[in-house]
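Protein sequence lines correspond, in order, to chains A and B.
Using my numbering, the letters of the first sequence correspond one by one to residues 1 to 109.
Using my numbering, the letters of the second sequence correspond one by one to residues 110 to 225.
Please note: incorrect hints may appear among the correct ones.
[Claimed, not checked] Only some residues are given here: those of chain B computed to face chain A with a beta carbon under 10 Å:
1. Thr166
2. Glu168
3. Ser199
4. Ser204
5. Ala214
In short, the hints are calculated from the structure, not lab data.
Cβ atoms here follow ideal geometry from the backbone N, Cα and C, with glycine treated the same way.
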Amino acid sequence: AQRVTQPEKLLSVFKGAPVELKCNYSYSGSPELFWYVQYSRQRLQLLLRHISRESIKGFTADLNKGETSFHLKKPFAQEEDSAMYYCALGNGGYNKLIFGAGTRLAVHP
Amino acid sequence: GAVVSQHPSWVICKSGTSVKIECRSLDFQATTMFWYRQFPKQSLMLMATSNEGSKATYEQGVEKDKFLINHASLTLSTLTVTSAHPEDSSFYICSARGNRGGTEAFFGQGTRLTVV
Numbered sequence: 001a002q003r004v005t006q007p008e009k010l011l012s013v014f015k016g017a018p019v020e021l022k023c024n025y026s027y028s029g030s031p032e033l034f035w036y037v038q039y040s041r042q043r044l045q046l047l048l049r050h051i052s053r054e055s056i057k058g059f060t061a062d063l064n065k066g067e068t069s070f071h072l073k074k075p076f077a078q079e080e081d082s083a084m085y086y087c088a089l090g091n092g093g094y095n096k097l098i099f100g101a102g103t104r105l106a107v108h109p
Numbered sequence: 110g111a112v113v114s115q116h117p118s119w120v121i122c123k124s125g126t127s128v129k130i131e132c133r134s135l136d137f138q139a140t141t142m143f144w145y146r147q148f149p150k151q152s153l154m155l156m157a158t159s160n161e162g163s164k165a166t167y168e169q170g171v172e173k174d175k176f177l178i179n180h181a182s183l184t185l186s187t188l189t190v191t192s193a194h195p196e197d198s199s200f201y202i203c204s205a206r207g208n209r210g211g212t213e214a215f216f217g218q219g220t221r222l223t224v225v
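So that you can see chain B by itself, here it is in the shape it has in the complex:
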């Protein structure tokens, strides 16, 4: 199957700083990328959907100014958590869908963010 890589796998940052998480499709062009947040022992909560070259569509309740999503190319999307606070600590997962595999979405390995 197609490969989606997230970087970093884990990150610890201080309150008030910003953190950028990258999501790359390694062997296909990702026309659509999804960003999810997963709390311990809970399901994936869709945060936003981004299409290459367009502004991201955020789900209700997700602050677009806090979670900045950029999808500037067909192989890269980034999620920047701005002015992070401890309550932003979570597992963030990206998923990409593109010109391979029909409607299947391929998942990154996730990024564990801890804000101290």
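Extracted from the complex, chain A is given alone in its bound form:
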């Protein structure tokens, strides 16, 4: 079965602190992993995808197939990073895009 787990509902940090939002997945095939972000009163938008291996707004995420994880990291959090973050899993045929429960990141001044 295809499943995404985000164990933390809320992650609260101070500005400048490191951030790690956890994501684990379950999928027997070749997964495509994404991180989506939803800022207040805005639609979901793509933040990162594992195939790109890029850093966006200081965030990075590495796919670890051994641990079936795709954790999102940023070394120094900013207040504008406060948002809902969703980890998503697409299957190879891309006829499914499944989301985790989401983690709310709150960055305090």
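Fit chain B to the supplied structure of chain A, relying on the hints for placement.
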């Protein structure tokens, strides 16, 4: 990025009536569209996936006769909630993937449905 537009943004309807929600890809051809439902403070629950010109694939537990999905063109998919009841009240979100942006899916702004 590519733009996906949902209409209406919100709708209130009476129990027993049907409501149609449109999802349009404005500047790209959407070969695949996803329909999600989101309850307050919860994640997006995938309802169905539709490919242009094909019947939608519904997730387990989603009534296909109640949530009719049509994807007749590469830029438009519709979700019709038939014989709506108060428990159908929710936030419905569409997402489209197509011939731009690789495997990225672009999201609509969502539609808030309230059934009274």
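Results for each hint:
Checking threonine 166 of chain B against chain A: minimum C-beta separation of about 6 Å stays under 10 Å; hint holds. This hint holds: glutamate 168 of chain B has a C-beta 8 Å from the nearest C-beta of chain A, less than the 10 Å allowed. The closest approach between the C-beta of serine 199 of chain B and any C-beta of chain A is roughly 15 Å, which is over the 10 Å cut-off, so the hint fails. About 7 Å separates the beta-carbon of serine 204 of chain B from the nearest beta-carbon of chain A, less than 10 Å, and the hint is met.
Annotation: alanine 214 of chain B was flagged as interfacial toward chain A, and the flag holds, the nearest CB pair being 6 Å apart, inside 10 Å.
The structure fails hint 3 only (numbered hints given earlier).
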